[in-house]
Amino acid sequence: MIWNVFIGLSLLIGLVANTLGIVGVLRFPDVYTQLHAETKATTFGSIFTSLAVILYGISKFCQTSDGQYVTLILHALIAVVVLAITNATGAHAIARATYRRGHRPVKAVVDHLEGFSK
Amino acid sequence: MRTALFCVILLVLAGGLLLMATDLSFGHPLRSDMDDYFIRHGQYQTGVNNIVTSIVFDFRGFDTLGEATVLFTAVLGVGLMFRKLHSGEEYEND
Amino acid sequence: MSPWMFVVTVLAGLILLAMVRLIRGPTSANRVVAMDAINTLVVAIMIVLSVVFKQVIFIDVAIVYALLSYVGVLFIAKYLGGEL
Amino acid sequence: MALFQTLKTAAGVWNPLLWLIALAVAIGIGLYIRSRGRADSRQGPAREPFISGNPEPENAGAHIPATNLYWGFTEALKGWYQKLLPIHTGVLTDYVAWFLGVMALTFIIALAG
Amino acid sequence: MKMTKIVRTTADAFYPFCLVFGLYVVTHGHLTPGGGFQGGAVMATGTALLIVSRSYREITGRLRQTMLKLCEAFGLMLFLLAGLQSLANARPFLGNWLTQTGGFVGSVVSYGPNPGSLDTGGLVPLLNVGVGLEVFGGLTLIILCMLSGIKEDRP
Amino acid sequence: MFAFIVTFLFSGGVYLLLTAGSGSVLGFWAPQELWVGLVISLAAALMARNYFFRTRRRPLDYLRRWVRAVAYVFGPFFAELTKANLDVAYRVLTGHMRPGIVRVKTGMKTDAATLLMANSITLTPGTLTVDIDEETNDLFIHMIDVPEGMENRDSIEVEELFSLFNCPSWVRRIAE
Amino acid sequence: MTRLFLALPFVTVVILIILGLGAMLFKKNLIKILLGLSLMESAVNLLLVVIGYRQDSVAPIFTNVPSGEMAMPTVQALTLTSIVIGVATSAMMLSFAMVLYKRYGTVNVLEIRKLKH
Amino acid sequence: MTPYLFFQGLVLAGLIVSGILVVTFKDLLAAAIASGAFSLLLALEFYLLQAPDVAIAEAGIGAGLTTAIFIIAIRGTKRYEEEE
Amino acid sequence: MQTFLISHLPALLVALPLLCGFLMPVIGRAGPRVRNGWVLLGGALTAITGLLLAIQVLRFGPVTYVFGAAHTTQTLAENPAAAFPIRIMFEIDALGALMIINTTLATLAVIIYSVAAEAKQSGLDMFYALFYLLIAGVYGMVATGDLFNFFVFLEITSLAGAALVAYRIDRGVAVEAGLKYALLSTLAALAVLTAIGILFGQYNALNIAALASRLQFTPLDKVALCLLIVPLAMKCGAVPMHFWTPDVYTTAPSSVTAFLVISSQASLYGLFRVLFSLYGAMLSWATFGWFLIILGVLSAFIGVTMAIPQKDVKRLMAYHAVSQTGYMLLAVGVGLAVLGNASALAKFGRAAIAGGLFHIINYASCKGLLFLTAGAIFLRTGTRNLNRLGALGHAMPVTMVLFMIAALAIAGIPPFNGFASKLMIYQSVFHFSPLLAIVAMIVSILTLASFVKVFQALFMGPRRPEFANVREVPRPMLIGMSVLAAYIVIAGIFPQFFVTRMIAPAVNALLDRAGYIATILGGI
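Residue numbers (this note's numbering), protein chains in the order written: chain V, 1 to 118; chain E, 119 to 212; chain D, 213 to 296; chain S, 297 to 409; chain R, 410 to 564; chain X, 565 to 740; chain H, 741 to 857; chain F, 858 to 941; chain U, 942 to 1465.
Please note that a few of the clues may not be correct.
Unchecked claim - Some chain V residues judged to face chain X by a derived CB distance under 8 Å, without partners named:
#1 24
#2 40
#3 64
#4 96
#5 109
Hints listed in this document are in silico derivations from the structure and should not be mistaken for laboratory results.
Keep in mind that this is a model prediction, so the values were computed, not measured.
Yeah, the Cβ is synthetic: ideal placement off N, Cα and C, and Gly gets one too.
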């Protein structure tokens, strides 16, 4: 039973984080701030929904000790790790491309990258 | 005029194809004897757990050969497009 | 409706929301952001759905998905940055 | 011999061997008639081609370009060609449109009839 | 032109992962979702990562088109010769002459859900490997060739 | 040769993770999985050895670093990530922001450390890596809320970005 | 309502096919036409898979599967074949378009018409 | 109507929307991005239809490589579709 | 050993060209001599396999081959009453054998020709590899008994064809034609795939015979029929959809053009197969018979009138290709229209179909030879413009004779083979509708007229200075062309031999839908 509480909690956190992330993508004015919302919030949300799956796998494994739940846990873990790294790097790539394209941050107070060119 | 004609063509095609939505039902195939055979016997006959793979590589392996050939053809085609021409290799096309 | 299914449905709704950014996004970079968000959400959906369907092997799809859409994003970013 | 049988069509027969023999006979007759002619008939000014009194052109100028060969024919069928040639636009979209149009027409024919 | 150090390092780190995962998908094609095409596509994505993170000149210095062509031809020949080999084993073309023999990849499988074992399937894993190699070489070559097309006009 | 071995070990580890739960040898693996895994890791290592690993280090050291990396991901990094999300939630709900791009001196010496640092920065509160100075490994980050006074400085130190833990030192110990 | 949702997959397929055809008929840019074509290919793949779906079925893979009726596997095999064929044709036609742009300087189909009459 | 059907309806709606975007965007890069998102959703749909093999293939080939190829082709030609 | 090879001929028919094609990029690295040797060896082996298989079919009846089954029982359900094939099968009946002979003839000629004709070009190993894939695709299309497999081979054929059409990339015109071909082919293949999906969703079978035995002819089947026949008619170049034909045939290298004719005839074969064997008894014959007839008449007339004002020699010939395809569609359409009327069928329908099928192989040889001679002229002079060519008869006498043979044959002048098939078509069509026969004859006359023009423009006239150093083409090219010329003369002098041995069984196979189904469903 205690597992179910944790699973439910993780799912809830994941949902809230994802929702906030998407709302951020919709509300924020420029690419950089949207990337903030997208990268952090949706990655966080996906990690928590996957954490729920992992917890589910652990609880099932404790009950049945079936090999397939090991697979479930490990594969979910790998998916999450891959997702986190690719999201962070992808966000960096998009941000850099946007800057190189000439879009400057909206209402920026400081821009050290301005004169720095390759 | 042209646009109207094209729209009529598209409408007729859409109408004909929409028959699918009424005659075929989603989730309840009309017949499935061949697929039932695959599901019941495929695993034993080929020793493959994944029935899709057993069909792709065993029951319909020849299609897969053809498909690999298509990919090979595309690679050759792309290679032909971006090959280096010999110096002075020209064909008159008038 | 099980909690898993509820989560999945809400996430699908979020995908449709993210599509609003895909439609409106003034520049291509905004659209890439929206596509990235959709991508992340779809991976989450796939992982959760493998519990709904009770089929462990489905998670492989999610891994492939997370891995491969990254390449698409990188190509678009490289093009946007004028480096391709 | 199956090889030498006559080809039976819906309403008649056709035997190429007989035709070849007939052809050979005709050629033989022609050659015979030709050999009976006078050898010196084309001497003198009769050899020169008569081109409305103009002098005979040089070798290269004697060549008639292919476009001019059926000028009369295409001129006579001008109306037909004026309809036909603009259809061949060379635009890819038109090719696709004709294909889909025929398909739509066939849909109507098949589903109605 | 090459992308930043961050992207390059990520690509380098993911490259062996892509290869291993692709080969995993290929070799487990008869047990889990996947197979030759999907695994080959994953492996090709690994090289696509390398290609996208580096400049064209650097990547052509490292990835040889000849090797990829050989890889492709080898995969196809594996497929075709495995098919022709079954003629010699009194089966029709592409007959599965290895399955259920108890040998190399011929463990006997009975009907029903089971966790699955790698040494089943007979010819199928072999064909999977062939197609995987072919798709890997082919898709990489396509991307490389198309890139060479856009690099031609720019010194 | 050394790079080959490290890549081989990494590939083998990934393969073992992927196939865990398939049998009972050594707890989780079927015997044929191990053989196939050996072949696959060899093949992958053969192809990827020039990319995956470029610096020279002692093997035992390597292992220790991996353990540290796992600890980092589950400890400080996760805490920062949580904080980042609270931050994002705050911004989304209020819309308060004061963006800017600042230069951060990291002082990282290797590529891996730079990567880890950059990804940590991207996933932690209010910061996003935009560009990198290839020579000095300095990062240019987009901050959603530049603190008062920071816009006047030429560059900032990386430690200023993290409030809960000293992530940069973790990163240095993992990957340098 | 349920009937509508049951018919929705097929309706989607038809809508996507018509969208692709519309792109091919009304658009003048070659790349756009090819995008429409790949859209149609996806739609046909979707049609094939939708045909083979059975309600409340499980995937046709026996590894660690819960008991239940299985979806039809043949169509999935056909779809696999068709996906790879799709990417092959797309790649080839796109490289044609690139070479064409290099020679003609345009990808507008109204200007790619050296061959006519 | 089951939750499954409702969820599937959402995904199909997303498919249709992104399909329309692919056709209507004048900016070819945006169209290619929309095509990538379309492929992602299509893979999710295949996943829902219990076809994980096809989903992997679509995710890998459709979302990753086809997007890459289209981007290269757009780089090799030109980005904007001119007005008629 | 012999029986072993004989029993596996259908598999080898496709496997051998594929083997040659797959190894070509590897072998091509060993140098041009090795590569040419490999090309010729592969061509010879392929041709021998095809001929042996065709002879076997014509002598001993239809051949079926099941791919991948250990025993024939594995192809069927356990209940013999509801037996159905689940694996891919090749089913080669007399019609398939006719197409195989056709393909073999062209393969031989074109391979020998191309070794000399294309010798100085770049990317040749890829060129020959694609050529072998094209050959394998055509063989597969005409031999297969499985609808999805037909689709796969259709794709191979169109993709390889498109890549070969675009071979001459230096000006971009060829690439334009290749793009048009590839795009239309892909569209056609997609339509075929949709039809396959619809049929599979209703009847859950992919084998043509099994599908035919289960067909109900519901409205959805009518949609599938349209989705099958219109693309195939487009691929064989019937008139409102013929626009790609001149573009593609003009710009491709000549050896490729000669083989593209064969590949479009394979589509024609598929069209007949769908109409007769798959749908057959279900169709409203008159509707679809007239559909074919109208397509045929339009093709014949518009094709030939478009040919006359052309000034590019290959483009002119391409329009003639459209026109000649019209004859086949017309003749078979007449046969289809009277399918329900037994007396009319016996009186002239059968002869009409025989004429149409005989014209397939005759036309392929004539048109192939014409394109090959055009290629020879292009090789020596570097132009295809009729206005600039001329007086080549002095320098290239053998080519001139070969051209004359082909032109006379395709215009229907005795004693060449074109006359025999055209005579059959005229007479049987005359019984059906005299007007159609008159149109067909007018078309024939116009064909002759335009070839007189070509002949005059190419070979006649006094010597010209710009072609002073034009020589006869190399011997391998002449040999390749002579293969086709020999067939033209032989089939022209002994037409009855071919009709009784090849065409009549093919007509029976085409009309005997129950037999086609029973070969697979009843025989096991």
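| query | Which hints from the list above does the structure break, by number from lowest to highest? | reply | When the structure is compared with the hints, only number 3 turns out to be violated.
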